[in-house]
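Under the working numbering, residues 1 to 102 are what the sequence shown spells out, in order.
Read the hints as simulated data drawn from the structure, not as lab findings.
Mixed in with the good hints there might be a few duds.
No farther apart than 20 Å at their CA atoms in a straight line, the calculated lysine to any residue pairs in the SDA-like style are these [said to hold, decoys possible]:
#	residue 1	residue 2
1	Lys-13	Asn-71
2	Lys-13	Ser-70
3	Lys-20	Ser-70
4	Lys-25	Phe-48
5	Lys-8	Glu-49
6	Lys-8	Ile-53
7	Lys-20	Gln-64
8	Lys-96	Ser-70
9	Lys-13	Glu-49
10	Lys-13	Ile-45
11	Lys-8	Ser-70
12	Lys-46	Ala-60
13	Lys-8	Gln-67
14	Lys-57	Asp-73
15	Lys-8	Asp-73
16	Lys-46	Leu-19
17	Lys-25	Lys-8
18	Lys-20	Ser-47
19	Lys-8	Phe-48
20	Lys-8	Lys-57
21	Lys-46	Leu-31
22	Lys-46	Asn-11
23	Lys-13	Lys-57
24	Lys-13	Leu-86
25	Lys-57	Leu-31
26	Lys-57	Gln-67
27	Lys-46	Ser-70
Quick list of the computed label-pair ranges, beta carbon to beta carbon [stated by the list, open to error]:
#	residue 1	residue 2	range
28	Ile-28	Thr-52	17 to 25 Å
29	Leu-86	Thr-32	40 to 48 Å
30	Thr-21	Ser-54	32 to 40 Å
31	Ser-30	Ile-55	29 to 37 Å
All C-beta atoms, glycine included, are put in the ideal place defined by N, C-alpha and C.
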Amino acid sequence: MGQLTPLKDINPKYFFYCLKTSDFKYLIQSLTDGMGINNLKYDSIKSFEIPTISIDKQDALVNQIEQTISNHDSLKFNYNQQLTSLNELKQSILEKAFNGEL
């Protein structure tokens with residue numbers, strides 16, 4: 001088992017997000033061999049180039065990604081709360097309708 005370690009001038013979170021890109025996933029899929037268990041050779045993966053930008057830009061990009069993820073999670077939570085409230089309202093209205101209270 002190998003370990004990927006970013007260079008000192010690479011923000012580890014930036015490195016992590018680069019490894020989650022569709023380009024990297026495609027590279028991994030194209031380099032795996034074997035049946036059932038995918039084997040990946042370290043020398044093959046070294047060919048993937050991480051876009052090098054200044055550490056300040058990496059930090060800014062990581063912050064932007066994490067803010068977007070946070071916003072997404074917040075929207076998803078609010079959506080689920082509103083959906084629950086709508087279902088409760090629907091049940092309440094149906095109950096009143098069946099009881100002749102409308």
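Taking the numbered hints from earlier one at a time, note which ones the structure violates and give those numbers from smallest to largest.
-> 8, 11, 12, 13, 14, 15, 17, 24, 25, 27 and 30
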